[in-house]
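Trainee: Sequence:
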Amino acid sequence: MNLYLGPVKISITHDSTVDLPLFPSRHFTSPLIPTSLHFKGHYALSENPHHLSEFNHVLTGESYDPDQMPYNWHILQKDQLIGIKIDFFTDEQFQHIIALLNPDSRSIQVHFIPLPGILSVQTDPMVQPLGSLLIVYLAHLSGGFLIHASGLEDRNKGYLFSAVSGTGKSTMAKLWEKAGSSVINDDRLWLHKMNDQWYMLSTPMIWYSQQSLMAPVHKSFLIRQSPVNELQKITGIHATMRLMSNCIQHFSNKEMTAQHLDRVIDFTSKTTIYDCGFKPDSEIVELIRSMD
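Heads up: the sequence shown begins at 1 in my numbering, then just goes up one per residue.
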């Protein structure tokens, strides 16, 4: 089985005790753009957690709502080897998932640690939150980055709408879809540069089977709720820092962080950025269309 996530190809094998039916990943089995990195991934059932004592713990994501996020996750590192450890609270199959990503050997080893008595497991290879964490590093290793944003293509123009959760990304996407635009993704985008042009690509989502789609980014909008629709162009460090605050980044060393910052600066220097206050009606669509 091959998965294609942005410019990354993952050739997946698994033990006989592991079944990997596709749901979030079902539309990501053929390339959308040329691949620049090829990883080999192997999924296995393990009786005991993989030995991680030589790794340094660098980052933890703690659940703020056990019903919506029934797990904690941890990022570990040993030299260039990146470890991902997920501790589940109430999963029907897993106690833990441990993944080891080796950028040098281009390999991903995934270990499923099951509940007592579980002899085989069944899950999508991009099971949440493993897939969401892996693609942060795969995007980085291939020269791109991830951002909380909805994206769409309208009349051959690509528009990106970025904000924190609950601010209106999905609402904005629905307004444009109702107006006849094609939605690339309504929550999370992979930004990748080709031939000096930044593109937005969809990613596998948790709750639905996302299509594999892409579009060039012509304008980006940092959205906020407002009693009136208003647009103001922003530039320089102000635009970069505001956009960067919505990026998805779990980096633990200076080199990765510096590379990430360079890419965000490049993106904001090549893409027109706007502060966008909007109310949830079709007027914002017409206001943005009138700019072109």
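Among the hints, erroneous ones may be present.
[As the list claims (entries may be wrong)] Computed beta-carbon distance windows for the label pairs:
hint, residue 1, residue 2, range
1, Asn195, Gln95, 41 to 49 Å
2, Ser63, Asn229, 31 to 39 Å
3, His57, Thr272, 34 to 42 Å
4, Trp207, Asn102, 28 to 36 Å
5, Leu119, Arg224, 46 to 54 Å
6, Ser290, Lys254, 39 to 47 Å
7, Phe89, Glu286, 21 to 29 Å
8, Asp104, Asn229, 47 to 55 Å
9, Leu231, Glu92, 28 to 36 Å
10, Ser120, Glu62, 39 to 47 Å
11, Thr13, Lys254, 31 to 39 Å
12, Pro116, Lys178, 29 to 37 Å
It is worth saying that the hints were derived from the structure and are not from the lab. All C-beta atoms in this analysis are idealised placements derived from N, C-alpha and C, irrespective of residue type, glycine included.
Trainee: When the hints from earlier in the document are held up against this structure, which numbers fail?
Mentor: Per hint list: 7, 9, 10 and 12 violated.
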